[in-house]
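Enquirer: Sequence:
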Amino acid sequence: MAVVISAVLCIILGLVLAVGGWKIITLGGTWYFAVLAVGFLLTGMLLLARRRAALWVYALVMFGALGWALYEVGFDWWQLAPRGSIVAPLGLWLLMPWVAQRLGWQHFGARAWGGSALPLMLAVLLWGAAAVQAISSDSHDIRGMLPQPLAAAPAGEGPAVADGEWHAYGRTQHGTRYSPLAQLTPSNVDRLEKIWEFNTGDRRRPSDPEETTYEVTPLKIDDSLYICTPHNFVIALDADTGQERWRFDPQVPDSVNRQHLTCRGLSYHISDAPAGEQACRQRLFMPTADARLIALDAKTGRVCPEFGRNGAVNLWANMPNVKEGFYYSTSPPVVANGLVIIGGAVNDNVSTTEPSGVVRAYDAITGELKWNWDPGNPQQTQPIAEGETYSESTPNSWSISSADEALGLVYVPLGNQVPDQWGGNRSENSERFSSSIVALDLDTGELRWVFQTVHHDLWDMDVPAQPSLVDIDTDNGPVPALVAPTKQGDIYVLDRRTGEPILPVREVPAPQGAAEGDWAAPTQPVSALSYEPPVLQGKDLWGATFIDQMMCHIQFHSLRYEGRYTPPSTQGTLVHPGNFGVFNWGGVAVDPVRQMVFSTPAYLPFTSTLIPRENDRKTYVSDSEPHLNENFGAPFAVELKPFVSPIGLPCIAPPWGYVAGADLRTGKTHWMRKNGTVRDRAPIPLPFKMGVPSLGGPMLTAGGVAFLSGTLDYYLRAYDVTTGKELGKWRLPAGGQATPMSYLSRSGRQMVVVVAGGHGSLGTKAGDSVIAYALPR
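Numbering-wise (UniProt numbering), the sequence shown opens with residue 1 and increments by one.
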């Protein structure tokens, strides 16, 4: 019976491989699966005939599979494992006495078993030896050391914020996510323990959009922490104990039109008025999901009535195409020179008539509009007249800006003009500003310079993260620099006075052949400091077994793919990196003393398929409001999907996520280590360290320790900044898709705080925890 079962299994596998292998050949791919099919079918038929030659044939199958695997991927365990996941165990099974000794005329004689089985024994042993070698080696990490810190921090470290405070999303307006505190070091951080945990009570509701997320980085001002929640509650906590001091609910109504429901943080302003002479002297600014900007007294949580109208500014003012839920700000504004400067997000690719991407500056005390920079009308920055509207559907700034008050500039990361995947009707100004960084005059909003990271963006490669400002030593002396991570994996290092590159940027040829009515840029910029993935090849495709790996081959060869920036198509295009991005809104952390950048590269390809539209009413890719990716008014809707196998695993081999450390003076990456486990993503919670993506930024400290909580497994992790080595990890109760921060408590302890609330579209566990850690007393 065991022989018959083995034969049927081999024949079934052979038939599946034959069908899939032939499909791959017709698509121009590898012959490997078809050849493997022949071996399985022949083995199965010989087993049915009870011929000992079956063991010889299967030995040849194993030798061939091992040779091909080593040729393609070497001793890469996670690449080798699926290639042998069926082949090797089946070989071992065929050696069992109930199979091998029942082949031939003499069923139980040693001669009938031994001689025929020797080649198969050798093949099994070689697979086992290859597995042992692969498990003990690691071909992906870069093991190195960053240079030791300089003797003193360079000039221009950032705005004056006390070392123990955290006054803005990135700690200061410079957005470095660097704490000057040094109590935590590589030698003691493993002793970190939870001091307190606070639950906000703001949980997901049935009416919430899929992308309901906890992404907030708290502020620490005086003896209080300030957070916001997805439903825009603002909560003040005692920084030492985590006890609630006050709570403000802006009463944001539910809406089916919103794509996102998140709050990445608050902004802070202290006026020049003497203490006690002005209510709301210290105020917090909260952007809401219904497009208001609210000012709150940081001491009491009450609205500041002199700001705007009864404490709020209406961000729908002067907007075109007003439709509830289609415009709001998920990111905190930047506060500088007494101004609150804010952009906003629009729903992705619903139509060609969406709200404006205007950036506006309001007086931090009165809420009066001081200037507006409209990407569709960039010359007119004087406050817009009553009754007029901004340009529709222009590139918007949904992420976080930075400011340099000494230079008088605010640095704004911009997204793409919708539709993201078709750009046949974009205006001259949209072509200039899409997927770029603009430097605007703080006082007037006038454009000072623009640096574009993608030309004629057809891939949703927004500049997703806050630029970090740091001074860098060069051969010509210190230079005020801007460090900008991008979705495509480039980290641009620019002179923030002029926008000129400090690290070289070169233009490289890009694939052509855009969809009907569109065009593709002939070249695209690439930074000398880049984590762009290499061009995918057949050997890079992956699966849990060679069956789903074969299915990924079929997908791969059915799609259009000519490397990064392959234009979207009706055939379907593989976009690698996908619009999830090598880097996203969490950005990077920059150490101004070491002049290094700590980053979290992630690699998940997507597919992009254009669907010709018949009219402006029919839906192709959405079932309900807000009809994302329908692109009403454009010639194509777009279907976006992750590039995964039929069982939902990525079609590219791990690692899918790293931490990396690079020197900003040279652009050299000194270390890069795969990061995170599949414990919370696998059907069986095994902590295989395969390297998983992160969404949520890192934070650095002067003690030489970095922190990150955004991986798809639920941990806060600490790393040695010099080597990238993981120093410790602490289990979180939910997904930690937020950026940690650090401050000094009243008792003099360095605290690390992280928010663990999960991320709806990533599928991480939801929660509402704010957790503080410190060393034992």
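No wet-lab data here; the hints were simulated from the structure.
Note that the structure is a prediction, hence the values are computed from the model and not measured.
Beta carbons: idealized from backbone N, C-alpha and C, even for Gly.
Where hints are given, some of them may not hold.
[Said to hold, decoys possible] Taking lysine to any residue and the SDA-like style, the derived pairs with C-alpha atoms no more than 25 Å apart in a straight line are:
| no. | residue 1 | residue 2 |
| --- | --- | --- |
| 1 | K668 | P534 |
| 2 | K23 | W56 |
| 3 | K674 | D663 |
| 4 | K539 | E193 |
| 5 | K674 | K23 |
| 6 | K668 | P687 |
| 7 | K323 | S622 |
| 8 | K765 | E193 |
[Said to hold, decoys possible] Pair by pair, the computed Cβ-Cβ distance ranges are:
| no. | residue 1 | residue 2 | range |
| --- | --- | --- | --- |
| 9 | T570 | R506 | 52 to 58 Å |
| 10 | W93 | D623 | 27 to 33 Å |
| 11 | S85 | I5 | 17 to 23 Å |
Enquirer: The structure should be examined with respect to each hint, and the outcome stated for every one.
Expert: Going down the list of hints, with the structure as the test:
1. K668 / P534: holds, 17 Å
2. K23 / W56: Roughly 28 Å between the alpha carbons, so the hint for K23 and W56 is violated.
3. K674 / D663: holds, 19 Å
4. K539 / E193: It is violated: about 44 Å lies between the C-alpha atoms, which goes past 25 Å.
5. K674 / K23: Judged against 25 Å, a Cα distance of about 34 Å means the pair is violated.
6. K668 / P687: Since the Cα atoms of K668 and P687 sit roughly 31 Å apart, the hinted pair is violated (cutoff 25 Å).
7. K323 / S622: holds, 18 Å
8. K765 / E193: holds, 22 Å
9. T570 / R506: 52 to 58 Å: Violated, since T570 and R506 (Cβ atoms, about 32 Å apart) do not stay within the stated range.
10. W93 / D623: 27 to 33 Å: violated, 46 Å
11. S85 / I5: 17 to 23 Å: The hint (17 to 23 Å, Cβ to Cβ) holds, given that S85 and I5 are roughly 19 Å apart.
Hint check: violations occur at hints 2, 4, 5, 6, 9, 10; the rest are consistent with the structure.
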